[in-house]
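J.: So the sequences go chain by chain: A and B.
The first sequence runs contiguously to residue 487 in the numbering used here.
The second sequence runs contiguously to residue 485 in the numbering used here.
Here are the simulated DSSO-like pairs of lysine-lysine, each with C-alpha atoms no more than 27 Å apart in a straight line:
| id | chain 1 | residue 1 | chain 2 | residue 2 |
| --- | --- | --- | --- | --- |
| 1 | B | K75 | B | K53 |
| 2 | B | K286 | B | K75 |
| 3 | B | K292 | A | K244 |
| 4 | B | K75 | A | K244 |
| 5 | B | K236 | B | K122 |
| 6 | B | K53 | A | K244 |
| 7 | A | K412 | A | K36 |
| 8 | B | K286 | A | K382 |
| 9 | A | K382 | B | K75 |
| 10 | A | K358 | B | K79 |
| 11 | A | K448 | A | K267 |
| 12 | B | K286 | A | K244 |
| 13 | A | K382 | B | K79 |
Hints listed in this document are in silico derivations from the structure and should not be mistaken for laboratory results.
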Amino acid sequence: MSSEPYFRSIVELAAALDAKQLSSVELTQAIIARTKAVEPRVHAFNSFDEADALAQAAASDARRAAGQACGALDGIPIGLKDVIAVSGQPLTASSKMLKDFVSPYDATVTTKLKKAGAVLWGRLNCDEFAMGSSTENSAFGPTGNPWDTSRVPGGSSGGSSAALAAGEAIATLGSDTGGSIRQPAALCGIVGLKPTYGLISRYGLIAYASSLDQIGPFARTVEDAAIMLGAIAGHDERDSTSFKIDIPDYRTELATNRGPWKLGIPKEYFAEGLDPEIAASVERTIAFYKSQGCEIREISLPHTQYCLDTYYVIATAEASSNLGRYDGIRYGHRTSGATDAVDIYAQSRAEGFGPEVKRRIILGTYVLSSGYYDAYYLRAQKVRTLIRQDFLDAFREVDALLTPTSPVPAFKIGEKADPLALYLCDIYTIGVNLAGLPAISVPCGFTKSGLPIGAQLIGQPWNESNLLAIAHSYERAHEWSSKFPSL
Amino acid sequence: MNYEAVIGLEVHVQLKTQSKMFTRVAAGYGHEPNTLTDPVVLALPGALPVMNKAALDAIIKAGLLLGCEIAPVCKWDRKNYFYPDSPKNYQISQYDQPICVGGVVEIELPGSARNIMGEHKKIPLTRIHLEEDVGKLNHGATDSLVDYNRAGTPLMEIVSDPAMHSAEEAYAYLSSIRATMIYGGISDCDMEKGQLRCDANISIRPVGATHLGTKVELKNLNSISFVRDGIEHEIKRQIAAVERGGTLVQETRDYDGQTGTSQSLRSKEMAHDYRYFPDPDLMPVKVDAEWKSRILAECPELPFEKQRRFIEQYQLPYSLTSVLVWDRTLADFFEEAVKLAGSSKAQAVGNWIVNDLLRELAAAHLTLATSRVRPAHIAALVKLVDAGTVLTNAAKEIFVEMAATGDQPEVIADRKGLKAAPTDTNELETWCRDSIAANAKAVAEFKTGKDSAINALKGPIMKAAKGKANPKLVDETLRRLLGSI
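Extracted from the complex, chain A is given alone in its bound form (with noise of 0.2 Å):
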């Protein structure tokens, strides 16, 4: 355990909070002052609000004091990703096109939220629009990692990742559509739990690819994660994606699940191009499972060289209708001087958006266009169906897959300024949002230089009490979560 109240994990600061040794103000003191002490190097923050986190601090101190806490997050300091909409709070997405917007209503998981008491605590940074895998694409600046400032925190949630590694939040969510949960995790030195499509409610997340995004929690241990997922999940008659299933009390199975399972170890993901430090690294966490008795067994996800192909055409395409909002109408940014609506959309969508938000509108109106919609919107879908066919075969086989999160550790802000470079940085994470599967990436060592490396395990739709229990039995036995960045 951290002396620093601001890195430690949910679990600790609530029995803490309990035990009356700390109050929600003081905590949420200690995360302000540890924020603007950080900020300068880390830029995890689009914008905070002292005031109105102190308020929400406060207020959790009151209802403790009246003995109605409301559980384990009740006064526990959240960040949120600036893709998730906070009544009366800035909504930018990293976007100048959003830069002085404000949301007026809730997202689901901002209404889950506050029910369960936590302090809602600032807007962080990601990839503009959540498209990028390194926190550089955002209008207002990278965001830096905290094991080593002059590195990406990974992306598009780095703010995420990169607030709660550097001990600004307590817990964060942040949202997956290729990776962007679990890379930036696995970058960072943290747990990052992508859900199963349909388990948390898409309603108030700025839309990137409706049908691959899933808000997710990143937190310093597989149990904190446990409690943020039930939290926030359950179905939202707001959210028609949304499924309704019971939500198991995940904590709980935490403590009686102790396996052992089946693991698989998909062979088409220690290909070429794989860090050999992160290979090793994952080699150790496949021999510690061994150890413990599980089975391991190589398996083949025969599609996986389609992933990335499948994922752009299906993720520009429902990105170029998803933003066709912003067109300087309603809201948002509008060019000045210009003389009609075309004038109006052409301008202040060209001033609006970054390059990389351009790159994939344009991609996505190209695949959609007349003529051309067969041969590749149409064609990613089946190809999807057969990645997810992949996925669904190996589960008969066993219980969950392992897997490297990313294939290179933290790199330096500039170095890939190839799109495609950066790309190829989701390849492992991909697959999970095109089958719709749970996915978690959990600390499990550090590249000689100091850097963290994450694996991923891969776990069966709606099975999260699974995953979370094999994820946990490794963490339990590693040092990893209570190693601290020293900023």
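Given the coordinates of chain A, work out where chain B should sit on it, guided by the hints.
T.: For chain B alone, kept in the frame of chain A given last:
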């Protein structure tokens, strides 16, 4: 050369639902601008659509009424285009899997006279699909304002085959759809409120040809008469162009009903690429047999079916049915009155409703719903006349009073002393003989063939009877007596 027009109509019908197509905010007309909005309607960042099941119920009902096949799955697509009245810059619609396929709209063309039934035709439908309406732009001198109150209202698009050949048919088609939708409670179809809108695809070809000519889409046919006038105008325009030796271009034209002219909006080359794709925010909805049969149970008898039944069951003349059946509440009112008066009195009931009730309601600016005359009043009045208790002229007077007060006819007859005198044929015959004896001149004239001279004999009889003699009986008695002179 003689030309034939080929016409297909795209009719948009706003559904009468409490809330909008994909959110809970109320649908409505005539509210303060931008008050019927929420994050979904305004397409705020992060907002998501959720389907209004009542709208799906309504379109299934429309489909069942028009004999469509109902698709087993309701699937949603996005139609992408930029326009300021479209908040998302895509419209949620149904592209390749409309919820209703096929079906027919029965129409009646004008008969040779008002009281003669015209030719009936069945216009085949291509499809009916559901989508969301857009907002409204209000253009000022230097700026344009947009009102999103209408945006997101459930909107049904009914697409016919290119199977009509005259403006008259198109007019009858639209009238029939309108009546059907109102009958089903699906829409109020008030064209002034934009609840029913129509675009027409029009082409011409030489009579006898089977190919389709170059089609022109005519937009903004925003009243039923504009539909007729606009299509007529377009057919003439096309024929004139071809006869001048010109060729037609595939284009979209805007019809101005005020001036009766049209102008080109865009050519085929300028047509949008809507980049349709399945909406990933909405799950397809299964429509099972149970759902369909629940809706089927709510489907009313359609106007033409009702008309055929009224003619057969009640022996009503066409002219009465053509008034009675087009308004469902009027037809129901009629049948309720018939039930009380007896089937054999159906025509009398129909006459009272069509001739007297509608006149009185119009004069008093009332509707059937607010009418003081109820079916029981009509039935009671018909019975009084039938029994000879009230004579026709008196009954007319009673009706006016009944419409004004809502009192029962018998009460009015008593109050106003309008009941016929008990018929004493001996007394009547005496009065008739007296009148004949006293009016030798009129009798002579009658005898020489001047039939109207008989009227001069009736005055003294009515006077003697204090106005309560049955005029028909007076006439019969006089003629009998005069015949024996």
